[in-house]
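In case you want the letters, here they are:
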Amino acid sequence: MQKTLFDKLWESHIVDSIDGTDILYIDQHFIHEVTSPQAFDGLRRRGIPVMRTHKTLGTADHNVPTINQHLPISEPMSRAQVNKLTQNCDEFGVELYQLGHEKNGIVHIIGPELGVTKPGMTIVCGDSHTSTHGAFGCIAFGIGTSQVEQTLATQCILMNRPKTMRITVDGKLSKGVYAKDIILYIISKLTAAGGTGYFIEYAGSAITSLSMEARMTICNMSIEMGARGGMIAPDETTFDYIKGRERAPQDEAWEKAMGYWQTLKSDDGAVFDREEHFDASDIAPMVTYGTNPGMGIKIDASIPEVENIESFDKSLSYMNFQKGQSLLGHKIQHVFIGSCTNARIEDLRIVADFVKGKRKADDVSVMIVPGSKQVEAQAKEEGLDQIFEEAGFELREPGCSACLGMNEDKVPAGEYCISTSNRNFEGRQGPGARTILASPLMAAAAAVSGRIEDVRELIH
Amino acid sequence: MRPLNNIKSTAVPLPIEDVDTDQIIPARFLKALTREGFGDNLFRDWRYNNDNTPVDNFVLNNDLYSGEILIAGNNFGCGSSREHAAWALGDYGFRVVVSSFFADIFKGNALNNGILPIQLTADELDSIFKAIEKNPKCKFEVDLKEQSFTVMDTEEAFSFEIGSYKKMCLQNGYDDIDYLISQKDKIEAFENLQIMY
Ligand code: SF4
Numbered sequence: 001m002q003k004t005l006f007d008k009l010w011e012s013h014i015v016d017s018i019d020g021t022d023i024l025y026i027d028q029h030f031i032h033e034v035t036s037p038q039a040f041d042g043l044r045r046r047g048i049p050v051m052r053t054h055k056t057l058g059t060a061d062h063n064v065p066t067i068n069q070h071l072p073i074s075e076p077m078s079r080a081q082v083n084k085l086t087q088n089c090d091e092f093g094v095e096l097y098q099l100g101h102e103k104n105g106i107v108h109i110i111g112p113e114l115g116v117t118k119p120g121m122t123i124v125c126g127d128s129h130t131s132t133h134g135a136f137g138c139i140a141f142g143i144g145t146s147q148v149e150q151t152l153a154t155q156c157i158l159m160n161r162p163k164t165m166r167i168t169v170d171g172k173l174s175k176g177v178y179a180k181d182i183i184l185y186i187i188s189k190l191t192a193a194g195g196t197g198y199f200i201e202y203a204g205s206a207i208t209s210l211s212m213e214a215r216m217t218i219c220n221m222s223i224e225m226g227a228r229g230g231m232i233a234p235d236e237t238t239f240d241y242i243k244g245r246e247r248a249p250q251d252e253a254w255e256k257a258m259g260y261w262q263t264l265k266s267d268d269g270a271v272f273d274r275e276e277h278f279d280a281s282d283i284a285p286m287v288t289y290g291t292n293p294g295m296g297i298k299i300d301a302s303i304p305e306v307e308n309i310e311s312f313d314k315s316l317s318y319m320n321f322q323k324g325q326s327l328l329g330h331k332i333q334h335v336f337i338g339s340c341t342n343a344r345i346e347d348l349r350i351v352a353d354f355v356k357g358k359r360k361a362d363d364v365s366v367m368i369v370p371g372s373k374q375v376e377a378q379a380k381e382e383g384l385d386q387i388f389e390e391a392g393f394e395l396r397e398p399g400c401s402a403c404l405g406m407n408e409d410k411v412p413a414g415e416y417c418i419s420t421s422n423r424n425f426e427g428r429q430g431p432g433a434r435t436i437l438a439s440p441l442m443a444a445a446a447a448v449s450g451r452i453e454d455v456r457e458l459i460h
Numbered sequence: 461m462r463p464l465n466n467i468k469s470t471a472v473p474l475p476i477e478d479v480d481t482d483q484i485i486p487a488r489f490l491k492a493l494t495r496e497g498f499g500d501n502l503f504r505d506w507r508y509n510n511d512n513t514p515v516d517n518f519v520l521n522n523d524l525y526s527g528e529i530l531i532a533g534n535n536f537g538c539g540s541s542r543e544h545a546a547w548a549l550g551d552y553g554f555r556v557v558v559s560s561f562f563a564d565i566f567k568g569n570a571l572n573n574g575i576l577p578i579q580l581t582a583d584e585l586d587s588i589f590k591a592i593e594k595n596p597k598c599k600f601e602v603d604l605k606e607q608s609f610t611v612m613d614t615e616e617a618f619s620f621e622i623g624s625y626k627k628m629c630l631q632n633g634y635d636d637i638d639y640l641i642s643q644k645d646k647i648e649a650f651e652n653l654q655i656m657y
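Chains as they are written, first to last, in the numbering used here: chain A, 1 to 460; chain B, 461 to 657.
Hints listed in this document are in silico derivations from the structure and should not be mistaken for laboratory results. Every residue, glycine too, gets a C-beta built ideally from N, C-alpha and C. Don't take each hint at face value.
[What the hints assert, rightly or not] Straight-line alpha carbon distances no greater than 27 Å define the calculated DSS-like cross-link-like pairs of lysine-lysine that follow:
id, chain 1, residue 1, chain 2, residue 2
1, A, K189, A, K163
2, A, K265, A, K189
3, B, K594, B, K468
4, A, K3, B, K646
5, A, K163, B, K567
6, A, K298, A, K172
7, A, K256, A, K3
8, B, K567, B, K590
9, B, K644, A, K8
10, A, K410, A, K103
11, A, K243, A, K380
12, A, K358, A, K380
13, A, K256, B, K646
14, A, K163, B, K626
15, B, K627, B, K567
16, A, K265, A, K243
17, A, K358, A, K410
18, A, K8, B, K646
[Claimed, not checked] Estimated spans, in silico, between C-beta atoms of each pair:
id, chain 1, residue 1, chain 2, residue 2, range
19, B, N595, A, P431, 51 to 61 Å
20, A, E408, B, D638, 34 to 44 Å
21, B, Q654, A, E252, 14 to 24 Å
22, A, D170, B, Q607, 50 to 60 Å
23, A, M258, B, R462, 50 to 60 Å
24, A, G20, B, R462, 20 to 30 Å
25, A, D19, B, E616, 28 to 38 Å
26, A, G100, B, G553, 48 to 58 Å
27, B, R507, A, Q87, 36 to 46 Å
28, B, K605, A, D170, 51 to 61 Å
29, A, P431, B, E616, 52 to 62 Å
30, B, Q654, A, Q87, 28 to 38 Å
31, A, P76, B, M612, 56 to 66 Å
32, B, M612, A, D19, 26 to 36 Å
Assemble the whole structure, with the sequences as input and the hints as a guide.
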């Protein structure tokens, strides 16, 4: 029988099944400071070790400051949480990229960057954007703290198999349109709950022509339509990206791995529970106008005139936008370029390319938070830091930062922030903050003029 | 979790329909950081007056009734998803709740905390209430292995459904982590066969 890639990988990781629930074996477990402390406490209570320490990797990212990382964290509760992670990793023998380590960074950025994330794996982390790793042809998804404990204790979780959906995007992308626009466009079509119960495979020529960085942006936001995760079958682009990375297989092991990885695709004729098709030429640069990622429009479109939906009205009033309004030319006060959605080197290059020789608008604050120490180092090596400095963009140290506003990096109440992150929920970037999601290029353009721009008119 | 296999006990009747979790444990008692101590506030607002004196006619304050089994009206555990409701019932000492229907989330929460929800037909439930009315000290037997609930006075026996996995968890006192740990051999055998990672 023809099978989808998802089904093949899922089935090859079932240890056993019980009452329709599968014991799924996990190849790689990432942990961070916020969702792991109670899980380690559980192990301690039971008096058991971490079952496979070499399949577990920690990083401090959610709750860290993005300046002066060499100094002790000043906020006591953040400091306690980050210190607790260090203690737990020491005690249980788990490898940790602690704050300040040259390879520290956001969990979903460092996994791929180090070559830990590899095709065919099952990957979990106590963070919903674990779906990012699906870009390598993995089953990767976020879990709750009790499942973090399950994984630490047994390298397995109990889970029911989700349904499969294939989203095919064919055709050529227009100038100024990036991966972020593709995924915001898809979510605006399928809605923020449209993928609930499904695991998505992205396919089609517009997807396979993307770089790994761009593919990660797409898979990252699968969760924003309620899907459990998203994946893209590995191909030459994937293999080229992995080759030579620190934890990539070498020599003979590489050949062996390649032999397996090249088999990882959905069979011709495999049946998905649901299929969706989109035409790449219909996608334009996107912005969100509301308080969930499904509330997105093309930059030259107007906010829809939806009648009599209380939550829609509430959302617009939070954002202080009107039905029928265009966002083009709307003033913004903050620009955040960062998060596991768009803080890889390619994103920073796109921004630098655009702002080279330009300067930010006077009344706008611009923060660039690289996804990892390695991204930061690479940016400096390429001289991007110079370009940013001349443009008045502040280059920070890595972390989740204003993506979730757990540290000091918050947007003040009532002010607008054009952000390359993944969630525009009420209060996500700080109480009362108004978030407009967009691509790094859209964010860079808004930084320069202080207004939301149509980047297609600004690039040549 | 404490294993649950065979229970012989008297029962507490609560013939009220649609008991929601706000009644089982009111919201103001959810601030605690551990799972312990909720039993004192089980059915708090039905059980105590504003001045903390016991409400005389509430069943938990009536010495006639006691036991590890709660017999409740239709649609028990509706409303909020708070797991504290299951913690409160368990902490108070109930191991089994019988009703003609349970709210879905409550049912899952109960099972995850070692409490067996037994769903019977409305007629069967009715005959249990009648048996208790006749003899408050009437005993009941829960046999999880046989999936049967017996009114010991009348020897009437009713069967009930439970998924095999959750049944096994209750019998052994396992939660999901315990269960996975018990499968360690299988997991390690699986690892040895695995091709790549
Ligand atoms: S950057 Fe944002 S979405 Fe990504 S892991 Fe951090 S908090 Fe989660």
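Hints, one by one, checked against the model:
1. The suggested pairing of A/K189 with A/K163 holds, with an alpha-carbon distance near 19 Å, which does not exceed 27 Å.
2. Distance check on the hinted pair: A/K265 and A/K189 sit about 26 Å apart at the alpha-carbon level, within 27 Å; holds.
3. Our distance criterion of 27 Å between C-alpha atoms is met by B/K594 and B/K468, whose separation comes to about 18 Å.
4. With a C-alpha separation of about 26 Å, the suggested pair A/K3 and B/K646 falls inside the 27 Å cut-off, and the hint holds.
5. The straight-line distance between the Cα atoms of A/K163 and B/K567 is roughly 24 Å, inside the 27 Å bound, and the hint therefore holds.
6. For a cut-off of 27 Å, the pair hint linking A/K298 to A/K172 stands: about 17 Å separates their Cα positions.
7. A threshold of 27 Å between alpha carbons decides the hint, and for A/K256 with A/K3 the separation of about 23 Å falls inside it, so the pair holds.
8. Restraint check: the Cα-Cα separation between B/K567 and B/K590 comes to about 25 Å, which is no more than 27 Å; the hinted pair holds.
9. Taken as a hint, the B/K644 and A/K8 pair is honoured in the structure, with Cα atoms around 23 Å apart against an allowance of 27 Å.
10. At roughly 25 Å between alpha-carbon atoms, A/K410 and A/K103 fall within 27 Å of each other, so this suggested pair holds.
11. Pair hint A/K243 plus A/K380 holds up; C-alpha atoms about 23 Å apart against a cutoff of 27 Å.
12. Under the criterion of a C-alpha separation no larger than 27 Å, the hint pairing A/K358 with A/K380 is consistent with the structure, at around 19 Å.
13. Pair hint A/K256 plus B/K646 holds up; C-alpha atoms about 26 Å apart against a cutoff of 27 Å.
14. A C-alpha spacing of about 23 Å is found between A/K163 and B/K626, which places the hinted pair at or below 27 Å, so the restraint holds.
15. Of the pairs offered as hints, the one joining B/K627 and B/K567 holds, with about 13 Å between alpha carbons and a cut-off of 27 Å not exceeded.
16. Distance check on the hinted pair: A/K265 and A/K243 sit about 19 Å apart at the alpha-carbon level, within 27 Å; holds.
17. A hinted pair counts as satisfied when its Cα atoms are at most 27 Å apart, and A/K358 with A/K410 qualifies at roughly 26 Å.
18. With a CA separation close to 20 Å, the supplied pair A/K8 and B/K646 stays within the 27 Å bound.
19. Between B/N595 and A/P431 the beta carbons are some 60 Å apart, a value that agrees with the proposed interval 51 to 61 Å.
20. The hint said 34 to 44 Å for the Cβ distance between A/E408 and B/D638, and at roughly 41 Å that hint holds.
21. For the pair B/Q654 and A/E252, the beta carbons lie near 18 Å from each other, so the given range of 14 to 24 Å is met.
22. Remark: the range hint 50 to 60 Å for A/D170 to B/Q607 is upheld by a beta-carbon distance near 54 Å.
23. Checked against the given bound of 50 to 60 Å, the beta carbons of A/M258 and B/R462, roughly 52 Å apart, stay inside it.
24. Distance hint check for A/G20 and B/R462: the Cβ-Cβ separation is about 26 Å, which falls inside the suggested range of 20 to 30 Å.
25. Separation of A/D19 from B/E616 is about 29 Å and conforms to the stated range, judged on CB atoms against 28 to 38 Å.
26. Roughly 51 Å separates the CB atoms of A/G100 and B/G553, a value that falls within the hinted 48 to 58 Å.
27. In this structure the hint that B/R507 and A/Q87 lie 36 to 46 Å apart at CB holds, the actual value being about 43 Å.
28. Separation of B/K605 from A/D170 is about 57 Å and conforms to the stated range, judged on CB atoms against 51 to 61 Å.
29. Our hint of 52 to 62 Å for A/P431 and B/E616 holds, since their Cβ atoms are close to 60 Å apart.
30. Here the CB-CB span from B/Q654 to A/Q87 is close to 32 Å, well matched to the stated 28 to 38 Å.
31. At about 59 Å, the CB distance of A/P76 to B/M612 agrees with the hint of 56 to 66 Å.
32. Checking the proposed 26 to 36 Å range against B/M612 and A/D19 shows it holds: the Cβ atoms sit about 31 Å from each other.
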